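Novice: Each chain, letter by letter, is given below.
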Amino acid sequence: MKMILHILAKDLRRHRWELMLFVLACAAWAWQTAEPFGLLWIRTREFAPILFLGLWFIVTVRVVQGESLVGDREFWMTRPYRWGRLIAAKALLLLLCLNLPLLIAQVILLHSAGIGLSWPLLPGLFFLQAEFAFFLTFPAAALAAVTESLVQWGLALAGILVFALMLSSLPWDKLPPGLEGGENICSVLGMAIIAPALAFVLAWQYARRRVWPARLVFAGALLVIPLIILLSSTPLIRSIAYPHPSAPAPFQLAIAENGEDPGRIYKRSENIAPGADISIPVIASPADPDASIDVDGFRVTLTGDNGWRWQSPWLNRSLKFSKDDPRGSIFFAMPEESANQMAHLHARASVEIAFGVYRLGPPHKVDTQADHFSLTSDAVCHWFHGTSDRFSFNGVDCAAPLHLPEIMEVRIDSATSTCPESPGEPPLPTGHSAAAAEHGTDLPDFDPDPVHKINLNFGAWIPPIPSAGAPDQNLQAKLCRGTPLTVRVGTPEGRRRATFDLGSIGTEKAIQEDPDGTIRF
Amino acid sequence: MYAIQTTALNKKFRRIHAVCDVNLKVDEGSVYALMGPNGAGKTTLIKLLMNLMSPNDGQINVLGANASTLEGKGLEKIGYVSENQKLPGWMPVGMFLAYCRPFYPTWDTALERRLVKRFELPIKRRLKHLSRGMRMKAALCSALAFRPRLLVLDEPLSGLDPLVRDDLMESLSELAPGTTVLLSSHDLAEIESFASHIGYMDDGRLMISEAIASVRSRFCSVVATAEVPLAIPQTPPTEWLQFTADGTTARWVETAYDPERVAARAREILGSVELTAAPLTLREVFLTMARIGRPTAPDEPQP
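Note that the protein sequences, when read in sequence, are chains A and B.
Under this note's numbering, think of the first position of the first sequence as 1, with each following residue one higher.
Under this note's numbering, think of the first position of the second sequence as 1001, with each following residue one higher.
Be aware that a few hints might be false.
Claimed, not checked - The calculated DSSO-like cross-link candidates involving lysine-lysine, where the alpha carbons are at most 27 Å apart (straight line), are: (1) Lys323/A / Lys174/A; (2) Lys1077/B / Lys10/A; (3) Lys2/A / Lys1124/B; (4) Lys1086/B / Lys1073/B; (5) Lys1128/B / Lys1117/B; (6) Lys1128/B / Lys10/A; (7) Lys10/A / Lys1117/B; (8) Lys10/A / Lys1124/B; (9) Lys1012/B / Lys1025/B; (10) Lys1086/B / Lys2/A; (11) Lys478/A / Lys365/A; (12) Lys2/A / Lys1012/B; (13) Lys10/A / Lys1073/B; (14) Lys10/A / Lys174/A; (15) Lys10/A / Lys1012/B; (16) Lys1086/B / Lys1124/B; (17) Lys1117/B / Lys1086/B; (18) Lys1025/B / Lys2/A; (19) Lys1025/B / Lys1077/B.
Note that these hints are calculated values from the structure, not bench results.
All values derive from a computational prediction rather than experimental measurement.
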């Protein structure tokens, strides 16, 4: 330990200016984030995060290359350094001088958002530091270990960015898109390969200093990335991420019949791209009223007379179904020729859906009368009111520390709304509700800002309330001070796949063709 | 017991064979001067010994340990100073020495103070602001103050003025008895009086490696004269270097000089001749070796 501290003290003195600059950049970023509308930052707001991130990398590289691991002329290589102690001293310095200022800035940001530091928050804050060390410091240090100078490091990084650009220019759209569950598996798999490879590069360089083998391992780790992207779109990964259990699906799906306007749309789009866009409105019936379905993607199969069959590729589309919001739309594109055939072949549709199931917990009521109120155990809200020389504004700001809940549903009822009536509108009828849902993660998000805004956008009332002033529009639900909220927080219950037979999609009953080529059926 | 021993050591840089089949043995307690022209492979050999490079082939033992494992604790007894070494230029001299101190359990602070005084090192000045000679002195001070068992000096004197050279050479007298010194140089004059053993490298090969006294005694310039024209051999013996003959006179450099044996051999090959032998200086020996460019060693089978 004594030797670690000895090297650490030397590095602190060696890099004191860079470190001081980083702390200043960190403070500037925190100030800007806490005061996003401060006049000082209106024109410079992009620079603080860039400066912060840039200095993070520069400090990492300078600290690692303080005892350069490349070349054979370095003073330290012929001195009795123990590589384990050297690497420990470097890691300690980076944790102390990069993560600690960030941690302090995050605590200040939480405090400024009305979230006090508490014991339950500490593991999450430390986990966030580990994420930053893992995703920023670790790769930058590994690259610094195989380069000789900051300039060489920058050139290598530029090379990696060119590689990434070349990768992104490949025709990835020819592949079936990866769904979220598959991408998550592949991300974990990628991490499981890349992280040990980078750890090996670092350890190998410190212990043995064999630059070219280490560089090859580093390059090999980069090459894993396109392979992982390829893998995420394979049927194998899809079937692992979304198993097809024999148990019945936790919801049923049917075509939503909607009176005179069926809403099923077949729109030719030759002008944009050859083909036709199809939209089929669906309604879900969850077997469990507490279940919320989060669709990650689907594949549509159409069959018709004379054995006609057409199947879409897997499509990466997000849909959410719950007891209170069961409607959605299956939207896909198909070749013009197949679409024309479908219109006359009594087509039937089935859809294979890859989805996640969330279980919502018991509802709890939240009183919104006070200036500050809590949505959940750690998510807080406060009413704000501001004025400028031209206008005044007010509203509610809600935020959660470190990450949003995995699923949170916030509901208001028309019967208990405290909003004043809009000019020309009658009082709200009872029996209508509106919900705002947020989907988050189970672990802290990789974001330096630990304050995550909760968007309480309720949309239209359900069932819809037509506006008295504009009958073709429905009233939007709003939250006003004093309106009670019903909050439910949920947890995931896993991902799976299910196939639903939607029956005839009724294209033969095409009832209307608009001048723009849209057929509603 | 050898402080350094290499066996069939090879190092290639693409097509360049920088170190070629080198078998080096440095006795413990000796002062071994590794000589050779620029580009002979001396620095590469030293870097291999110090585990700054890995060989393509061959074995290296330094203080009884395999050089490929030479790091950490193994370096506590080895001092290394090189003209090419990158010192931490941002450090003042005093901080540099204070920084090195805890790495060595045997660091002698009194010796450090003596060396600082002798070298007149400016403690508060940064290394990057020192002259080259002063930087070498600071490096040497940090390499001597822990009383190393082995001191490796790679061209420590090149380009330094005579006063600084003398300072540096005198400082080596601070070494404990039994300390082994390996010193590379391309200038013989600066180390001739100091070294006990000498090695000569050229083109990656170690051409001579033995005690200086032995080199001096076995290399002679021989002149053979006869009253009748000499019987000039088509192929002179291998131990006769730079053989030339002109009518009644022949000249060569004898690499294994023994008066009786050389006389007998000369008469056997050239006929009845009178021999005159003059010892070569080390400089002449190395010039001869450089010109012919082939190895010779005392344990080479002599004809």
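Novice: Each hint needs a verdict: does it hold in this structure or not?
Specialist: Results for each hint:
no.: 1; hint: Lys323/A / Lys174/A; result: 36 Å, violated
no.: 2; hint: Lys1077/B / Lys10/A; result: 23 Å, holds
no.: 3; hint: Lys2/A / Lys1124/B; result: 25 Å, holds
no.: 4; hint: Lys1086/B / Lys1073/B; result: 21 Å, holds
no.: 5; hint: Lys1128/B / Lys1117/B; result: 20 Å, holds
no.: 6; hint: Lys1128/B / Lys10/A; result: 17 Å, holds
no.: 7; hint: Lys10/A / Lys1117/B; result: 25 Å, holds
no.: 8; hint: Lys10/A / Lys1124/B; result: 16 Å, holds
no.: 9; hint: Lys1012/B / Lys1025/B; result: 21 Å, holds
no.: 10; hint: Lys1086/B / Lys2/A; result: 25 Å, holds
no.: 11; hint: Lys478/A / Lys365/A; result: 17 Å, holds
no.: 12; hint: Lys2/A / Lys1012/B; result: 40 Å, violated
no.: 13; hint: Lys10/A / Lys1073/B; result: 20 Å, holds
no.: 14; hint: Lys10/A / Lys174/A; result: 54 Å, violated
no.: 15; hint: Lys10/A / Lys1012/B; result: 37 Å, violated
no.: 16; hint: Lys1086/B / Lys1124/B; result: 19 Å, holds
no.: 17; hint: Lys1117/B / Lys1086/B; result: 24 Å, holds
no.: 18; hint: Lys1025/B / Lys2/A; result: 38 Å, violated
no.: 19; hint: Lys1025/B / Lys1077/B; result: 19 Å, holds
The structure fails hints 1, 12, 14, 15 and 18 (numbered hints given earlier, in ascending order).
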